[in-house]
Amino acid sequence: MKSRFIQAHFLTVRGPSNVNRDDTGRPKTATFGGVPRLRISSQCEKRALRTGDIFKKHFDGLLGVRTRRMGERIRDRLIDSGMDSAKAIKEAQNLVLQFGKLEVGEEKKSEAVKEGTNQNEADKKTGAKGKPEKSKGRDNVLISQLYFMSKEELAALDTITDRIAAGETVDEKDMLVSSTVLSSPDIAMFGRMVASAPTYNVEAAVQVSHAITTHAVSVDEDFYTACDDLNRQGVDTGAGFMDTFEFGAGVFYTYICIDRQALIENLNGNEPLADLSISVLLKAAAIEGPKGKIASFANHTRAGYILLERGCQQPRNLAYSFLKPVTTEEADGDLLAASISRLDEFRKHTDRVYGPSSDALYEINMLGGANSIDGMKDWLAGRKEGA
Amino acid sequence: MVQFLAWQMAGPLASWGGIAVGEKRFTDAEPTRSALVGLIAACLGIRREDEDNLRALSDTIGVASAVLTDPVTNPQRLRHSSSLRDYHTIQTAPPRGRKGQYNVSRRDELSPHGETILSERFYREGGLYLGCVWLRPRPLVDLQTIAAAMEKPAFSLYLGRRCCPPGLPLAPRIIDSPGCDQAMQEYLSDGRLANALNGHPTITRFSWDVDCPGDRPRLDQRIRRRDLAVSFRRRQFVERDEGVTIVPIKVEDQKTGDDIKIPTDEEMYDAFFE
Numbered sequence: 060m061k062s063r064f065i066q067a068h069f070l071t072v073r074g075p076s077n078v079n080r081d082d083t084g085r086p087k088t089a090t091f092g093g094v095p096r097l098r099i100s101s102q103c104e105k106r107a108l109r110t111g112d113i114f115k116k117h118f119d120g121l122l123g124v125r126t127r128r129m130g131e132r133i134r135d136r137l138i139d140s141g142m143d144s145a146k147a148i149k150e151a152q153n154l155v156l157q158f159g160k161l162e163v164g165e166e167k168k169s170e171a172v173k174e175g176t177n178q179n180e181a182d183k184k185t186g187a188k189g190k191p192e193k194s195k196g197r198d199n200v201l202i203s204q205l206y207f208m209s210k211e212e213l214a215a216l217d218t219i220t221d222r223i224a225a226g227e228t229v230d231e232k233d234m235l236v237s238s239t240v241l242s243s244p245d246i247a248m249f250g251r252m253v254a255s256a257p258t259y260n261v262e263a264a265v266q267v268s269h270a271i272t273t274h275a276v277s278v279d280e281d282f283y284t285a286c287d288d289l290n291r292q293g294v295d296t297g298a299g300f301m302d303t304f305e306f307g308a309g310v311f312y313t314y315i316c317i318d319r320q321a322l323i324e325n326l327n328g329n330e331p332l333a334d335l336s337i338s339v340l341l342k343a344a345a346i347e348g349p350k351g352k353i354a355s356f357a358n359h360t361r362a363g364y365i366l367l368e369r370g371c372q373q374p375r376n377l378a379y380s381f382l383k384p385v386t387t388e389e390a391d392g393d394l395l396a397a398s399i400s401r402l403d404e405f406r407k408h409t410d411r412v413y414g415p416s417s418d419a420l421y422e423i424n425m426l427g428g429a430n431s432i433d434g435m436k437d438w439l440a441g442r443k444e445g446a
Numbered sequence: 079m080v081q082f083l084a085w086q087m088a089g090p091l092a093s094w095g096g097i098a099v100g101e102k103r104f105t106d107a108e109p110t111r112s113a114l115v116g117l118i119a120a121c122l123g124i125r126r127e128d129e130d131n132l133r134a135l136s137d138t139i140g141v142a143s144a145v146l147t148d149p150v151t152n153p154q155r156l157r158h159s160s161s162l163r164d165y166h167t168i169q170t171a172p173p174r175g176r177k178g179q180y181n182v183s184r185r186d187e188l189s190p191h192g193e194t195i196l197s198e199r200f201y202r203e204g205g206l207y208l209g210c211v212w213l214r215p216r217p218l219v220d221l222q223t224i225a226a227a228m229e230k231p232a233f234s235l236y237l238g239r240r241c242c243p244p245g246l247p248l249a250p251r252i253i254d255s256p257g258c259d260q261a262m263q264e265y266l267s268d269g270r271l272a273n274a275l276n277g278h279p280t281i282t283r284f285s286w287d288v289d290c291p292g293d294r295p296r297l298d299q300r301i302r303r304r305d306l307a308v309s310f311r312r313r314q315f316v317e318r319d320e321g322v323t324i325v326p327i328k329v330e331d332q333k334t335g336d337d338i339k340i341p342t343d344e345e346m347y348d349a350f351f352e
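Residue numbers (our numbering), protein chains in the order written: chain L, 60 to 446; chain V, 79 to 352.
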């Protein structure tokens, strides 16, 4: 897949909900084509993706391991290569110093908890009943704190271990394994800005627009009361608490543009990881949504229509398809179907006026058609044609 | 006759940031010079850290822009876009250097909660804009290169903020014209934008670098704007002089042929308070 840009357009039906609200508690809105629309801000959509389960499931395992035990890996690798065990232990102890201090004596249970591990892990480390793990004193190769080792770092560590096993005297500075640029997919995609340390800045490779409804929406109000359970029948009258909250419903259009080249660079040239990240991102965007007020509305929704485009032409979103708001007169009141045909019409219209804005398309339509989310990966890799 | 490169910037949201030191991020109603230079730099593939090339680009192109109105994108028939305030909260990570804490993803950073920063960001909704550049002596790149880069940009583009992608191609055109405002009028006259939006986009205002070549547009206002970047990386800007031409406009109703009157800002204000 050689296309620089992958553009994804989503049409998602959201029933009554308030997933993204402003400081007054009202759903966010925007005026487009002269009428108010509901809006979900770009930052809200991105956060839902970053903190959602699909990202967690796919990226957590990919990144590496959290461990105190890399010393054991080094020691065992050296012993396997024929090194004397006492010497292997010494070398391992030396090598792990770059990751943290060696564990000395008993481990305090509270320190384990501070590292953010859950209670079970803390128990495992200190023994099930709070007894400290017996360290082997001088033979100990464990460090006292957890260190996150990315796959690249583990591989580099193995290489240095092998060099030591081969009898080479490795220079102190060559022993250092940690990479200064961590290749975390979510930071590579959405970027980061650290004002106090600009070298940590990462330019985002993914652009997410504010989502707006394809039609006019006026915000609804729900007047609610909360009753006092201890009110005495016939004596205490009235509600304990009264308030209103606002919500809305609609067909939302959102747009994501992925700069594949920039993503590969942010991931230190790791093309397979970039391609995996792209399909995970698109799957998450289709299936997961922001969870604002989810307890009151239970509005878990999935996209009803997805259009993917790839190419090197200048990317452009298709919000103008809905500049004139979709009305219930179109498509017999089926707002989703009407929005889908508007999107299609406008895209073809701009292609006629300006020339094509992409090289290939892939359409996933919940209302019909053969394509599915799983087929998306093959299309992205160029192994499959779109509908 | 001078050679100009003109293009359009159309999208549901845009944000042309001015001076901003705190959590309120305002936008001007017309594009800033730094936004347009940044847009061109993104097309060409000049990175944010590449200070030398960014300065060279900024110094060797002259920049002008136009604000359009259109009864379809903005049926209230305002002279330009309307303002949108976005309430934006940011969850910060705890300070770095926390003992034993190695954060490898944003999810990690946010697990022990840091502070929440509240901010307000402003956008322009329903705006349409044109950009126009000409070359100054010893240019970094020629206009043809910029035009080609706009068709196939090196980075993804946005209208002031990353969450404001363009809604139409930039559709650059190289135009020989006596002056920059005439070049932009000429750009609009091919009717592609009107066709794409099925509307009547009309220019209501020109803003131009005061050193523009050829016929200088009518100078209605001369303002100082702090949008000339000396360092994009350090976000340092100095003031520059900008010439402004306010255009009285007439739009014809396609059905009746009558003139659609576009109210001036004063008339809108008065109508609101009637």
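Be a bit skeptical, because a hint or two may be false.
Chain L is faced by these chain V residues, among others (derived, beta-carbon under 8 angstroms) [unchecked claim]:
1. T194
2. E203
3. L275
4. R303
Lysine-lysine pairs mimicking DSS-like chemistry, simulated, CA-CA at most 30 angstroms apart [claimed, not checked]:
5. L:K443 x V:K102
6. V:K102 x L:K61
7. V:K230 x L:K342
8. L:K436 x L:K342
9. L:K407 x V:K102
10. V:K230 x L:K350
11. L:K436 x V:K102
These aren't lab readings, by the way, just hints derived from the structure by calculation. Positions of the beta carbon are idealized from the N, C-alpha and C atoms, including for glycine.
Evaluation of the provided hints:
Contact between T194 of chain V and chain L, as hinted, is not supported at the beta carbon level, the nearest pair being about 12 angstroms apart and thus beyond 8 angstroms. The criterion of a C-beta within 8 angstroms of any C-beta in chain L is met by E203 of chain V, whose closest approach is roughly 5 angstroms, and the hint holds. Among the interface hints, the one on L275 of chain V holds; its C-beta lies about 6 angstroms from the nearest C-beta in chain L, closer than the 8 angstroms criterion. With 8 angstroms as the threshold, the beta carbon of R303 of chain V stays out of range of chain L, its nearest partner Cβ sitting at about 25 angstroms, so the hint is violated.
Using a Cα cut-off of 30 angstroms, the hinted pair K443 of chain L and K102 of chain V is violated, with the two alpha carbons roughly 47 angstroms apart. Restraint check for K102 of chain V and K61 of chain L: not satisfied, since their Cα atoms lie roughly 40 angstroms apart, outside the 30 angstroms limit. For the proposed pair K230 of chain V and K342 of chain L, the alpha carbon gap of about 27 angstroms is at most 30 angstroms, so the pair holds. At roughly 10 angstroms between alpha-carbon atoms, K436 of chain L and K342 of chain L fall within 30 angstroms of each other, so this suggested pair holds.
At most 30 angstroms may separate the alpha-carbon atoms for a hinted pair to count; K407 of chain L and K102 of chain V exceed this at roughly 39 angstroms. Distance check on the hinted pair: K230 of chain V and K350 of chain L sit about 37 angstroms apart at the alpha-carbon level, beyond 30 angstroms; violated. For the hint pairing K436 of chain L with K102 of chain V, the CA-to-CA distance comes to about 41 angstroms; that exceeds 30 angstroms, so the pair is violated.
When held up to the earlier numbered hints, the structure conflicts with 1, 4, 5, 6, 9, 10, 11 and fits the remainder.
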